[in-house]
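Note that the protein sequences, when read in sequence, are chains A and B. Residue 453 in this note's numbering sits at position 453 of the first sequence, with consecutive numbering throughout. Residue 747 in this note's numbering sits at position 268 of the second sequence, with consecutive numbering throughout.
Heads up, some of the hints might be wrong.
What the hints assert, rightly or not - Okay, derived cross-link-like pairs now, DSBU-like style, lysine-lysine, Cα gap no bigger than 35 Å in a straight line: (1) B:K532 with A:K340; (2) A:K340 with A:K381; (3) A:K251 with B:K532; (4) B:K705 with A:K340; (5) A:K446 with B:K713.
Read the hints as simulated data drawn from the structure, not as lab findings.
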Amino acid sequence: MRHFDVCVIGGGLLGCFAARNLRRWHCSVLLVEAREDVCTGISRANSAIVYPGYDHKPGTVKAEMTVWSNAAFSRLCEELDVPFSRCGSLMLSYGPNADAVLRRKYAHGLENGVPDLRLISGREACQLEPAVAPGVSSALFAPSAGTVNTWELCIAAYENALQNGAESVLSAEVQNIVPLSGGYRLETSAGSYTCSAVINCAGICAHSIQALAFPCPVTVVPNAGDYLVLDPNASGVPSHIIQAEPEDAGKGLTAVPTVEGSLLLGPSERDNTTDYATAAEGLDFVRRYASRVFPQLSIGDTIRSFAALRPNPQRPDGSSIRSFVIEQPAPNFWSLIGVKTPGMTCADALGAHVAAQAASFLQAEANAAFSPRRAGITRAKLLSPAQRRRLVEQDPDYGEVLCRCEDITRAEVLEAVRRGAVTLDGLKHRLGTGMGACQGARCRQKLTALLARELDLTEEQVTCSGGDSAVYGGFHGTL
Amino acid sequence: MEHCKLLIIGAGAAGMSAAHSAWEHGIRDILLVDSRACPGGILPQCSHRGFGKALFGEEKTGPEYAAFLSSQLTESGVPFLPETDVLSVSPDRTALLSSRGGLRETGFEHLILATGCRERSIGELPVCGSRPAGIFTAGQIQEQLNLRQRRPSGRILILGSGDLGLIMAGQLHDAGCDVVAVVEQSGRCGGLSRNYHRFLEPTGIPLMLRTTVTEVCGQGRLTGVKLRQLDTGKTINLDCNILITAVGLVPDQALIRRLGRPEWLHLAGNCHHVHELVDSAVQEARSVGAAIA
Numbered sequence: 001m002r003h004f005d006v007c008v009i010g011g012g013l014l015g016c017f018a019a020r021n022l023r024r025w026h027c028s029v030l031l032v033e034a035r036e037d038v039c040t041g042i043s044r045a046n047s048a049i050v051y052p053g054y055d056h057k058p059g060t061v062k063a064e065m066t067v068w069s070n071a072a073f074s075r076l077c078e079e080l081d082v083p084f085s086r087c088g089s090l091m092l093s094y095g096p097n098a099d100a101v102l103r104r105k106y107a108h109g110l111e112n113g114v115p116d117l118r119l120i121s122g123r124e125a126c127q128l129e130p131a132v133a134p135g136v137s138s139a140l141f142a143p144s145a146g147t148v149n150t151w152e153l154c155i156a157a158y159e160n161a162l163q164n165g166a167e168s169v170l171s172a173e174v175q176n177i178v179p180l181s182g183g184y185r186l187e188t189s190a191g192s193y194t195c196s197a198v199i200n201c202a203g204i205c206a207h208s209i210q211a212l213a214f215p216c217p218v219t220v221v222p223n224a225g226d227y228l229v230l231d232p233n234a235s236g237v238p239s240h241i242i243q244a245e246p247e248d249a250g251k252g253l254t255a256v257p258t259v260e261g262s263l264l265l266g267p268s269e270r271d272n273t274t275d276y277a278t279a280a281e282g283l284d285f286v287r288r289y290a291s292r293v294f295p296q297l298s299i300g301d302t303i304r305s306f307a308a309l310r311p312n313p314q315r316p317d318g319s320s321i322r323s324f325v326i327e328q329p330a331p332n333f334w335s336l337i338g339v340k341t342p343g344m345t346c347a348d349a350l351g352a353h354v355a356a357q358a359a360s361f362l363q364a365e366a367n368a369a370f371s372p373r374r375a376g377i378t379r380a381k382l383l384s385p386a387q388r389r390r391l392v393e394q395d396p397d398y399g400e401v402l403c404r405c406e407d408i409t410r411a412e413v414l415e416a417v418r419r420g421a422v423t424l425d426g427l428k429h430r431l432g433t434g435m436g437a438c439q440g441a442r443c444r445q446k447l448t449a450l451l452a453r454e455l456d457l458t459e460e461q462v463t464c465s466g467g468d469s470a471v472y473g474g475f476h477g478t479l
Numbered sequence: 480m481e482h483c484k485l486l487i488i489g490a491g492a493a494g495m496s497a498a499h500s501a502w503e504h505g506i507r508d509i510l511l512v513d514s515r516a517c518p519g520g521i522l523p524q525c526s527h528r529g530f531g532k533a534l535f536g537e538e539k540t541g542p543e544y545a546a547f548l549s550s551q552l553t554e555s556g557v558p559f560l561p562e563t564d565v566l567s568v569s570p571d572r573t574a575l576l577s578s579r580g581g582l583r584e585t586g587f588e589h590l591i592l593a594t595g596c597r598e599r600s601i602g603e604l605p606v607c608g609s610r611p612a613g614i615f616t617a618g619q620i621q622e623q624l625n626l627r628q629r630r631p632s633g634r635i636l637i638l639g640s641g642d643l644g645l646i647m648a649g650q651l652h653d654a655g656c657d658v659v660a661v662v663e664q665s666g667r668c669g670g671l672s673r674n675y676h677r678f679l680e681p682t683g684i685p686l687m688l689r690t691t692v693t694e695v696c697g698q699g700r701l702t703g704v705k706l707r708q709l710d711t712g713k714t715i716n717l718d719c720n721i722l723i724t725a726v727g728l729v730p731d732q733a734l735i736r737r738l739g740r741p742e743w744l745h746l747a748g749n750c751h752h753v754h755e756l757v758d759s760a761v762q763e764a765r766s767v768g769a770a771i772a
């Protein structure tokens, strides 16, 4: 049975960043993921916002960590070669109640040290962002807010962890954790491992994972939010992140112009759900609200909808916990439980925090060979024609476009497979294939055939997202 | 940089016809490009008989129609560049072409866009629920059935009774598949009545009018859908393993979106507007080709 200094459970944002930061020390690391690929749980869907840090009460961990992480985000994305757009955010008020909320957030923001934060007039807000409906009474302008592709960020952290010597085991569901003297035995569906310490980043299941070895005083009660995605060619689209603060009780609306150029609208809020299915009332809410805030928005340019899950942490008495929960039931066991907004913003800082604690427990020395830098897949569409021409001369696969909507070549798809994509979703998460207007209708067959060839499968075995999701499941030859 | 008088993007029925017509009217310096290996566009996967009544006086299959246009093209000598994608078209009348052979910039005097149309996807519809495996557009299934000789099994539901929905219902039925229904939001069949009579009626597959899919169910794989009867508001749970969407075609103008309409740009066929008949796309394309000469 192989032994590791630390086993990280869960290959979402937190797990991948924990593994990355653990390798800043001399310790062996195994990332254990239940699914066939990383970034397949709650990390796969969120608002894609890098928050500025005015939403949290001064002095809290969330406030400090968010402001710090936001400031560090440009460097993080530069190190990991992930596109980041610091487009700024405008929180809009349309009346006295929301004005008061904005004033409170402004005061928090100042105290938290959010840079360049300004409370501006409705008129100035409408000048900054002509796409929004008139009648804005005040707005909170945070130039430091930004947006990043959560899939690329998560996968970049994962690749950086591996390239620094972390190992991973996929399709390995943790079934039991047995405390041993000086460590644990992890029994997974893909074999058992021993380790000296565990960092549990199992997202929606984090409390159940801890409960395998220790009592867990926190439970995760998920709720869901529905989102719409609009085609990059939609009109009436804002250039900043827009958050419309509701004048009355209820949920506001967020609009995010993503790094890919599409517009994200949402989320609604729904209780009592544990899957990623969208609900009609949630999508209706988003559609109606968006048309009110953005009167010229071509909502008919919607190309897809999705749901995200929020892992809300609760105490046994049912009361909710506002902070990130870092449980430490034993000196060598940490659980990150109920890390919701602004979890993506703080993922690297949270990973660094638990990694430092684990390293201290292990008395591990700093790893001078650690490199924080990771190179992304060379993207043909981002190159100049001259650069792209040279690339095709070196490798003809760069000349063959497979996904026409998003201009993605065969060479990029092959590289994504080399880096671990085993499903259509794996390709989508690494490259954005099938994210355009046709939603994969034109490239699905080609991508399936290529995955089958590269992974030595039949086309009928290739899946959309692992498990029983075979793309051509149940198809038979007619000859 | 190479240069031509007329660049035609897309070698489907419209692109081939425009090229041939321009050639007949004396233009020699033509370049026809397509991302596929062979000309024909979508025609080769349309194996049913139902094309060409107006032009040929008899009905041909899609492959026959494509073969006719393609032999006409070969005889004329219009240069055809296969497996080539046009990455961009610039206002200075150049296009960036990509193939495994390399990236090339081509200048032109006139451009005919003949890129056809794309199918609307389920993502554009107000359908909630999950997005499991087992949801296809009608064109995807047509490609699987007619070009890859592969058919789906299990219970199949078709959303949309346009021509493509009707044709696929008939072809899947003939291939031995279990098509449980065709559902249509409006009060009448969306496709041509001759397609209804030829493809749907003989199969006995029910056409459910004033009915639509509101929700998709299933985690990894599709297990069923929720249907709503629009007049009664009643919701019906229907078990199915395959959902085929035939919910409309959109002209594919992605390449020219930021160009406006300069006088050197011409649109032919389904990228201009969606034609009910190939014959009319061909006639339009022929006059576009002739007008440039």
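Evaluation of the provided hints:
no.	hint	verdict
1	B:K532 with A:K340	violated (62 Å)
2	A:K340 with A:K381	holds (33 Å)
3	A:K251 with B:K532	violated (58 Å)
4	B:K705 with A:K340	holds (32 Å)
5	A:K446 with B:K713	violated (40 Å)
The structure does not agree with the numbered hints 1, 3, 5 stated previously, though it agrees with the rest.
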